[in-house]
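Asks: Residues in the sequence shown are numbered from 8 upward in steps of one, following our numbering.
What the hints contain is simulated information worked out from the structure, not anything from laboratory work. Built from N, CA and C at the ideal position, the CB exists for glycine as well. Check the hints yourself; a few may be wrong.
[What the hints assert, rightly or not] For each label pair, taking beta carbons as the anchor points, the in silico distance ranges come out as:
| # | residue 1 | residue 2 | range |
| --- | --- | --- | --- |
| 1 | His113 | Gly139 | 22 to 28 Å |
| 2 | Pro85 | Ala191 | 30 to 36 Å |
| 3 | Gly93 | Arg141 | 29 to 35 Å |
| 4 | Gln18 | Gln150 | 42 to 48 Å |
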Amino acid sequence: MRPNFTEVSFQIIEQARQFMASPPQGKEANLAGRVRIIFIVRIIFIGERVYFAAWEANVPLTIWPQMPNKTDCELPVPGEVLLNNGWRLQAKHVDAQGMAYDPILHNASPCQVWLDAEETPTPLTLRIRRPGDRFSPLGMDGQSMKVADFMINEKIPQQARERWPLVISQGEVVWIAGCRLAHAARITSRTKKIISLTLRRD
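Work the whole structure out from these sequences, hints included.
Replies: Shown next as structure tokens:
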């Protein structure tokens, strides 16, 4: 922060309190002394976090799942890949015959998804986004959008987007980790083989 800035009035404190109680659309507000308050929305069940930062400061990346580097890597099924900041992405086969579909239909966790294995054949790859990447989010009936636009809409912090992990099958983005599944990868009544993916933090 700014230790030399001591003129903190009740008005400034109240402005910050109101911001935290009801963040504006831009998720950012300017306070006195070139201090800004930034609100990071909940994305992947790590809670809502508020940061006070000087203008030149970066919001820390340590809470977000990040690829260790810019190199593609295989996501083995079954198996796991260790990510930065204590995160890991785990994959396993699930028996569709004995699978209860209720947990899938009412899944509230963006960190757990189930893929139709025939629609998303292995090998699965983990990589960062690339220019021109497109994604067909679940619920959009197969319509695609730019991955960059999806990340903005999902309020993924700008500094975390470059190394955010994407799951790829046959060159297509099937899951933006911790966010939405691709429409084509969804489980249907015709699904015979399932792959379960879990993003978790140690």
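Asks: Hints first: check each against the structure and report whether it holds.
Replies: The hints, checked one at a time:
1. His113 <-> Gly139: 22 to 28 Å: For His113 and Gly139 the Cβ distance comes to about 35 Å; the hint is violated.
2. Pro85 <-> Ala191: 30 to 36 Å: Since the Cβ atoms of Pro85 and Ala191 sit about 22 Å apart, the hinted range of 30 to 36 Å is violated.
3. Gly93 <-> Arg141: 29 to 35 Å: The hint (29 to 35 Å, Cβ to Cβ) holds, given that Gly93 and Arg141 are roughly 30 Å apart.
4. Gln18 <-> Gln150: 42 to 48 Å: Holds, at about 46 Å.
The structure fails to meet hints 1, 2 from the earlier list, while all remaining hints are met.
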